[in-house]
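S.K.: What follows is each chain in one-letter form.
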Amino acid sequence: MGIQRVLAGVLAATLPCFSPAQQDTLKEIERYRQLLQESNPAELYEARGAEHWTRKRGPKSSSLERCDLGLGPGVVKGAYVRLPRYFADTDRVQDLESRLVTCMVALQGFAPEEARRNPFSGTGAPMITTDPFSGVGQRSVMTDLVAWIASESRGMTIAPPMSHPKERLAYQAGERLFYFRAGPYDFGCITCHGEEGKRIRLQNLPKMTNAKDAQRAFGTWPAYRVSEGELRSMQWRMWECIRQMRFPELEFASDASIALIVFLANRAEGGTFDAPAIKR
Amino acid sequence: MDAKRREVLKTGGGVLALAAAGVIRPGDALGQEWNKAAFDTKSVAETVKALGASGSTPSSGVEITAPDIAENGAVVPIAVESKLPRTEAIAILIEKNPNTLSAEFAIPSGTDPFVSTRVKMAETSNIYALVVADGKYFHAVKEIKVTIGGCGG
Amino acid sequence: MKAKMPSKTILALALSGICVAGCATRPSDSETERTVAEMIKTSFRTRGQATVARLSQDDAQALCSKHAGELPKGVSDGIEKAQQATIRYPSSGKLMGDWREGERIAQSGVGKQFTDAPNRPAGGSCYNCHQLSKQELSFGTIGPSLYQFGKQRGASEAIQKYTYGKIYNAEAFSACSNMPRFGHNGVLTEEQITHLVALLLDPDSPVNR
Amino acid sequence: MADPMRIRANMTGDKVEVKVLMAHEMETGLRKDASGNAIPAHFIRNVTVTHGGKTVLSAQWGTSVSRNPFLHFRFKGGKPGEKVTITWLDNRGEKRTDEAVIAGG
Chain B
64 MGIQRVLAGV
74 LAATLPCFSP
84 AQQDTLKEIE
94 RYRQLLQESN
104 PAELYEARGA
114 EHWTRKRGPK
124 SSSLERCDLG
134 LGPGVVKGAY
144 VRLPRYFADT
154 DRVQDLESRL
164 VTCMVALQGF
174 APEEARRNPF
184 SGTGAPMITT
194 DPFSGVGQRS
204 VMTDLVAWIA
214 SESRGMTIAP
224 PMSHPKERLA
234 YQAGERLFYF
244 RAGPYDFGCI
254 TCHGEEGKRI
264 RLQNLPKMTN
274 AKDAQRAFGT
284 WPAYRVSEGE
294 LRSMQWRMWE
304 CIRQMRFPEL
314 EFASDASIAL
324 IVFLANRAEG
334 GTFDAPAIKR
Chain L
2 MDAKRREVLK
12 TGGGVLALAA
22 AGVIRPGDAL
32 GQEWNKAAFD
42 TKSVAETVKA
52 LGASGSTPSS
62 GVEITAPDIA
72 ENGAVVPIAV
82 ESKLPRTEAI
92 AILIEKNPNT
102 LSAEFAIPSG
112 TDPFVSTRVK
122 MAETSNIYAL
132 VVADGKYFHA
142 VKEIKVTIGG
152 CGG
Chain V
-12 MKAKMPSKTI
-2 LALALSGICV
8 AGCATRPSDS
18 ETERTVAEMI
28 KTSFRTRGQA
38 TVARLSQDDA
48 QALCSKHAGE
58 LPKGVSDGIE
68 KAQQATIRYP
78 SSGKLMGDWR
88 EGERIAQSGV
98 GKQFTDAPNR
108 PAGGSCYNCH
118 QLSKQELSFG
128 TIGPSLYQFG
138 KQRGASEAIQ
148 KYTYGKIYNA
158 EAFSACSNMP
168 RFGHNGVLTE
178 EQITHLVALL
188 LDPDSPVNR
Chain U
148 MADPMRIRAN
158 MTGDKVEVKV
168 LMAHEMETGL
178 RKDASGNAIP
188 AHFIRNVTVT
198 HGGKTVLSAQ
208 WGTSVSRNPF
218 LHFRFKGGKP
228 GEKVTITWLD
238 NRGEKRTDEA
248 VIAGG
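Residue numbers (the numbering used here), protein chains in the order written: chain B, 64 to 343; chain L, 2 to 154; chain V, -12 to 196; chain U, 148 to 252.
The following block holds chain B by itself, in its conformation from the complex (with noise of 0.2 Å):
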């Protein structure tokens, strides 16, 4: 894929140091977020996740207007930061993902595995690609609920319960796998997001033990993509974490992937939600 060096040649060699045009470059790439804000596709993902809610789908073909998210069969506004949480009827702690597999298959009668299906839009993945525009168009109805539902969350607080011993078994078992370093590049969690300030190239790192990175890393998903062109929720920002850690594939609503967003939500306790969000 073709590398592209930025300012190649450009900067005259009597430039005393990197530091005033890297202090450019970081201004620049600012500006560039800055003017991404002005509009953002995560809208018509937003759009489509609302119908889904209410249109019949399944062998049952029911809606899933009683799906209960946390705070009631139905209630969606406010559900988004009050999760993952327990819920007494699985005996299980779950994100919002898992929960809306629960709910496809208690409510509109799927089968867990057609549930848990086509989790993300796109490949999943970038492709091999000829071009450096990733990506291909393939919807996921659950890509558009998550954008939805999380919208329905907008502007409220972070607020994750943790007074269910499973809850805090959750966070422990999180916690753990933030510091696992496996691999054949020895990685963890722990390498990128454990110091403040970092970057990797020009994208900055949040500090996932620091309260003010995490609110806004936590604060800031799902997020619309504009490297891949596709809206992406928690779950892929771990399975995509992952799969650069040079780790097997994480599993779509596994209990791992479960328990580090159980970690990160609570690390970000009390921050603002701002999500969906457009992201490089």
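It should be emphasised that the hints constitute simulated quantities derived from the structure, not laboratory data. From the three backbone atoms N, C-alpha and C, an ideal C-beta is built for every residue, glycine too. Do not rely on the hints blindly, as some may be mistaken.
Said to hold, decoys possible - Away from chain B, derived, C-beta distances all over 12 Å, residues of chain V: (1) Val39; (2) Gly96; (3) Phe160; (4) Arg168.
Stated by the list, open to error - Ranges between beta-carbon positions, derived for each pair: (5) L/Glu144 <-> B/Thr117: 32 to 42 Å; (6) U/Lys179 <-> V/Arg91: 20 to 30 Å; (7) B/Lys119 <-> U/Thr159: 49 to 59 Å.
Knowing the structure of chain B, use the given hints to seat chains L, V and U on it.
M.R.: Just chains L, V and U now, kept in the frame of chain B:
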């Protein structure tokens, strides 16, 4: 640099009437025509020619608003505004893309000579905003750097 | 971190809403460990070259995970000593390759992902974390800037050996480093590493100009 | 069936400010899928905006307009409560028309 740009945009072709070119027609009611020849072009000079001009003049009356550096080439916000009287059309050209012409807009009277959209850039490149005003062609140019990002590529 | 409060107190705290994350009612370490082990077994699946075997930690990985954030001196010394012994230098004895090739390897971040073709050589991902040249402004900062690395150190045999060894196995010099053990883990070939050594040390390389 | 556009039309001074998002792949035709097969081009070629029977903007697009396209422009002569109609047509002949009511400033 300006002189060089002017050179680049001189195509040497004969002056064609706009209607004959079949490209930029403000009155095109349904907008169903699509100028394949222009969208197939692979250089700025070819595009200008395909859009019906023998050349174009740099003008400070054409303004491009876009970031100097794009964090990703798949979405580059770009706005073009013309201060030139009787602006009839605005086109966006990306020099180093596989196909140079990205978009063109016919601006009827009553509509501001301003458009804002988002384009894909394959790599760091000059972007040209070409404006037809009072039957003449003018342009502005801006370089936008496209950075490599992420960690798995 | 074991629960030491009487259960009545725990219940009272929970009911009054005082108990939040971090209070004394955490699950026991052994319960957490069991849960994590189970998750690692059930939540991941082999895809392409990324097999589940990758989740079996070697000693260094296990120790670094366990002591994340607070690595005792004894443990870190032990890791460095053990990792030092893994470094294999090229049999040809030639440690400096071609810096141009090195620059290409440094730019590339592909390799070992389940989406990567297994037979395609991996990149070094160097720019992801390090500044190397003045020309490339899109660089990461997880690692230190390596701009002028060779200019400051020269290219003596000792420096070449150190540089090669550091890329081959970073943990031989700094236990639990964020930098992958490129040679030891078979990500980069010996030859690829010599190209990176040249990128860092050759006076003509963009790193040193 | 193509998804509806998201159209915002607001008065700013004596002008109508139109911002529209369209759901479309804008596939370039230059990409390959994972098995190496070319993904065929699929992109919006024409956009027409009308108000009161008059065309207020018409556009021709190539493949390098970004996926899920965004367009922003302004025109004179509209009033709150009136309609703005937008139609796009892609290279496969697929078409979508949506309208929005102009909101007060």
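S.K.: If any of the earlier hints don't hold here, list their numbers in rising order.
M.R.: As far as the earlier hints go, 1, 2, 4, 5, 7 are violated by this structure, in ascending order.
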